[in-house]
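There are 2 protein chains.
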Amino acid sequence: MAVMTMQANLDQTLMALADPTRRAILERLSKGESRVTELARPFAMSLNAVSKHIRMLERANLVRRRCVGREHFLSLNREPLDEAAAWIEAQRAVWTARLDALDALLRAEEAQAKGTRPEGRAASKPTKKKGRTR
Amino acid sequence: MAVMTMQANLDQTLMALADPTRRAILERLSKGESRVTELARPFAMSLNAVSKHIRMLERANLVRRRCVGREHFLSLNREPLDEAAAWIEAQRAVWTARLDALDALLRAEEAQAKGTRPEGRAASKPTKKKGRTR
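Sequence lines, in order, name chains A and B.
Under numbering that gives the first Met the number 0, the residues of the first sequence are numbered 0 to 133, in order.
Under numbering that gives the first Met the number 0, the residues of the second sequence are numbered 0 to 133, in order.
Bound-form chain A, shown alone (with noise of 0.2 Å):
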């Protein structure tokens, strides 16, 4: 269950990231707390899209809106995008490690077609293994 819903955070962020303008209104964000009208003014569309993306951002818990009176201001709120780090970076440590692996396997052939032992086995010869019995 609760990887289910970490798994439905993960989709909403992603999907709230995977867009131009919703990014842009995180960086002007990330910069300070803002008005929805101020926020909207360099964007060039209409207030009620750029409120639809603030709206899906809200959504997906990336922007906290506080209320003084008829003002709204938008704040950032990071958890999420630490979830969203947190399984890409782990994807990438995976990668990295089996590319590693992959490399040394490549290499290890590379020397064998050679007639040469891969550096370092030198030590562990295995001939040595056999007159012996535990």
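Hints may contain errors.
Below 25 Å or equal to it, Euclidean Cα-Cα: the simulated DMTMM-like pairs (lysine to aspartate or glutamate) are [what the hints assert, rightly or not]:
| hint | chain 1 | residue 1 | chain 2 | residue 2 |
| --- | --- | --- | --- | --- |
| 1 | A | Lys30 | B | Glu82 |
| 2 | A | Lys30 | B | Asp99 |
| 3 | B | Lys30 | A | Asp99 |
| 4 | B | Lys30 | B | Glu78 |
| 5 | B | Lys51 | A | Asp10 |
| 6 | A | Lys30 | B | Glu108 |
| 7 | B | Lys30 | A | Asp18 |
| 8 | B | Lys51 | A | Asp18 |
| 9 | A | Lys30 | B | Asp10 |
| 10 | A | Lys51 | A | Glu78 |
| 11 | A | Lys113 | A | Asp102 |
| 12 | A | Lys30 | A | Glu70 |
| 13 | A | Lys30 | B | Glu88 |
| 14 | A | Lys51 | B | Glu37 |
| 15 | A | Lys51 | B | Asp10 |
| 16 | B | Lys30 | A | Asp102 |
| 17 | B | Lys30 | A | Glu109 |
| 18 | B | Lys51 | B | Glu37 |
| 19 | A | Lys30 | B | Asp102 |
In case anyone wonders, no lab produced these hints; they're calculated from the structure.
Computed from a prediction, not measured in an experiment: that's the story for all the values here.
The hints should help you fit chain B onto chain A, whose structure is shown.
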């Protein structure tokens, strides 16, 4: 133009990652190259449905296909993941810097309100070093 392309790439990457099945496919491929049919087997959906997810991953350049006769082998390509990680990490760094600055400001205001200097100022006196000249 280059920025536009990178934005579009990032959109595609994040969209491709915003689905649990596609993330599971990538996790599976991080263990090594796989045939399409092998890859599809553990998923409770049709081969056609899995193929659609794979095509989306290919469009995002996260997955590469190698054809040997009629066999199709899939493997990972890490570049788009690195790009997504770079954007997220840059944002996290800015957010962290901003939160740290806010924190420092709050502590300074608190200290001023108490009529004392912020903590740590007194302790950093370089008195001990005074007697030593290299």
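Hints versus structure:
1. A:Lys30 - B:Glu82: holds, 22 Å
2. A:Lys30 - B:Asp99: Judged against 25 Å, a Cα distance of about 13 Å means the pair holds.
3. B:Lys30 - A:Asp99: holds, 12 Å
4. B:Lys30 - B:Glu78: holds, 17 Å
5. B:Lys51 - A:Asp10: Measuring from Cα to Cα gives roughly 18 Å; hence the hint holds.
6. A:Lys30 - B:Glu108: holds, 20 Å
7. B:Lys30 - A:Asp18: Violated, at roughly 30 Å.
8. B:Lys51 - A:Asp18: Given pair Lys51 (chain B), Asp18 (chain A) holds - Cα atoms ~22 Å apart, limit 25 Å.
9. A:Lys30 - B:Asp10: It holds: about 23 Å lies between the C-alpha atoms, which stays within 25 Å.
10. A:Lys51 - A:Glu78: holds, 21 Å
11. A:Lys113 - A:Asp102: holds, 17 Å
12. A:Lys30 - A:Glu70: holds, 19 Å
13. A:Lys30 - B:Glu88: holds, 16 Å
14. A:Lys51 - B:Glu37: Roughly 41 Å between the alpha carbons, so the hint for Lys51 (chain A) and Glu37 (chain B) is violated.
15. A:Lys51 - B:Asp10: With Cα atoms ~18 Å apart, Lys51 (chain A) and Asp10 (chain B) stay inside 25 Å; holds.
16. B:Lys30 - A:Asp102: holds, 15 Å
17. B:Lys30 - A:Glu109: Within the cut-off at roughly 23 Å; holds.
18. B:Lys51 - B:Glu37: Holds: Lys51 (chain B) and Glu37 (chain B) sit about 15 Å apart, inside 25 Å.
19. A:Lys30 - B:Asp102: holds, 15 Å
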